[in-house]
Amino acid sequence: MALVRKSLALLAWLVIEIPTTLFVVFVMIKVYLEERNSKRRTKRGYNVKRA
Amino acid sequence: MGITSKERDTVLRFIERNVRVAPRDLDEGIGTVYERVVIDDYFRDLQKRCNLKNILENPADGVTGVPGMNSLEFARNGATVTLSNPSDKMLDGARAVWVNQGLVDQATFVKCPVDQLPFEDDTFDMVWNYCMFERFKDPSTLVAEMKRVSNRYVLIMTQNVYNWGTMFHKVYHNIGNLEWDHGYDEQMTFPAIRKALRGQGMHLLEEGTVDIPPWLDTWDMPLRGVLKQLLGSVGMKWEWKISSPSNGSPNGHAHGTNGHSHAHAHAANGNGNGHAAGAGSGTRKSSLPMVNVVRDIEHNLPTWFRKYQAHHLYILAEK
Numbered sequence: 001m002a003l004v005r006k007s008l009a010l011l012a013w014l015v016i017e018i019p020t021t022l023f024v025v026f027v028m029i030k031v032y033l034e035e036r037n038s039k040r041r042t043k044r045g046y047n048v049k050r051a
Numbered sequence: 052m053g054i055t056s057k058e059r060d061t062v063l064r065f066i067e068r069n070v071r072v073a074p075r076d077l078d079e080g081i082g083t084v085y086e087r088v089v090i091d092d093y094f095r096d097l098q099k100r101c102n103l104k105n106i107l108e109n110p111a112d113g114v115t116g117v118p119g120m121n122s123l124e125f126a127r128n129g130a131t132v133t134l135s136n137p138s139d140k141m142l143d144g145a146r147a148v149w150v151n152q153g154l155v156d157q158a159t160f161v162k163c164p165v166d167q168l169p170f171e172d173d174t175f176d177m178v179w180n181y182c183m184f185e186r187f188k189d190p191s192t193l194v195a196e197m198k199r200v201s202n203r204y205v206l207i208m209t210q211n212v213y214n215w216g217t218m219f220h221k222v223y224h225n226i227g228n229l230e231w232d233h234g235y236d237e238q239m240t241f242p243a244i245r246k247a248l249r250g251q252g253m254h255l256l257e258e259g260t261v262d263i264p265p266w267l268d269t270w271d272m273p274l275r276g277v278l279k280q281l282l283g284s285v286g287m288k289w290e291w292k293i294s295s296p297s298n299g300s301p302n303g304h305a306h307g308t309n310g311h312s313h314a315h316a317h318a319a320n321g322n323g324n325g326h327a328a329g330a331g332s333g334t335r336k337s338s339l340p341m342v343n344v345v346r347d348i349e350h351n352l353p354t355w356f357r358k359y360q361a362h363h364l365y366i367l368a369e370k
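Chains A and B are the protein sequences, given in the same order. Per the numbering used here, the very first residue in the first sequence carries number 1; after that it's consecutive. Per the numbering used here, the very first residue in the second sequence carries number 52; after that it's consecutive.
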């Protein structure tokens, strides 16, 4: 019984973990791209106020 | 060797950066809220079993969450708490949180170096810290000082280097060109904690794993804002918070609902095996239904799996 309970818990854990991990990876890439684009815009002077 | 000045500076920068970005609305994001709920389960059980009335958290922190939150559960259950930390900013933030929670009368805030505590020997029932031990290559002076001011117990809780999230978080620091300020990998393990405590002549009482939800330990990655933004764009609201001092309990005090604890501690009387005796009534239902489902899954995970996927490890030792 304990083995069944532990196996089911492990299965449930993995079923949720895999999509959430992919989601975290997606968010990391999104954050990275936003930061990179923001740096590029700043470098090109797009964010600099012009007189 | 002891704690180096570089390590002191890194810790201070880390703490003050977190104080700056920590949410003041107590909406810490689901990861931190879940962590807080399961760690609080363990604390309630521990406080009852060990009859803890006077507790020091040194150095105190809030990590990704609200500053000074870690020891609130002890105060909710009647203990007096001292938070010591080298940062004024952190202590000011913590004081505001404790005032907000109506528990400031039970708290003392002390600014001091992490390994030079201005307290008499044997002042506290327990001295503990959370994710601070691993920030020092040689934590012997820190642990010795914790032992000195404790009259019985020392608890060390760290991050777990084997958790998958560690790797992702290192990538995050790399791509963001951020300073690695989370400490030494080799210190985020059971053997390192055991060695440090035994090195001070302490007797290990129990060790365990806690916080094993089915998502990556994102450490301090700024997911909260991104999640809010993403769900907001489709008209949904993302909010996870423990909004009341009672942490979901109707009367504001900890009482177990099912008569047994799920803190999953193992006796550590020399060999690190076996189960701890005396687990009391620790777990109660959270006001957040998803937390209860995830917690039920966590409590049933096999021990071998827990060691590798837990976000946190802890060892309780006795003088």
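Derived from the structure by calculation, the hints contain no laboratory data. The structure displayed is predicted, hence computed values, not measured ones. Treat the hints loosely; a few may be bogus.
[What the hints assert, rightly or not] Quick list of in silico lysine-lysine cross-link-like pairs, BS3-like style, CA-CA up to 30 Å:
#, chain 1, residue 1, chain 2, residue 2
1, A, 6, B, 99
2, B, 358, A, 6
3, A, 30, B, 221
4, B, 57, B, 99
5, B, 358, B, 188
6, B, 221, A, 39
7, B, 104, B, 57
8, B, 246, B, 57
9, B, 57, B, 198
10, B, 246, B, 358
11, B, 221, B, 104
12, B, 358, B, 370
Hint check:
1. A:6 - B:99: holds (28 Å)
2. B:358 - A:6: Judged against 30 Å, a Cα distance of about 15 Å means the pair holds.
3. A:30 - B:221: Holds - the C-alpha atoms of residue 221 of chain B and residue 30 of chain A are around 17 Å apart, at most 30 Å.
4. B:57 - B:99: Cα-Cα ~39 Å, so violated.
5. B:358 - B:188: holds (22 Å)
6. B:221 - A:39: holds (21 Å)
7. B:104 - B:57: violated (35 Å)
8. B:246 - B:57: Satisfied, since the Cα-Cα distance of roughly 23 Å is no more than 30 Å.
9. B:57 - B:198: Holds. Residue 57 of chain B to residue 198 of chain B sits at ~24 Å (cutoff 30 Å).
10. B:246 - B:358: holds (18 Å)
11. B:221 - B:104: violated (39 Å)
12. B:358 - B:370: holds (26 Å)
Of the numbered hints given earlier, the model fails hints 4, 7, 11; all others are met.
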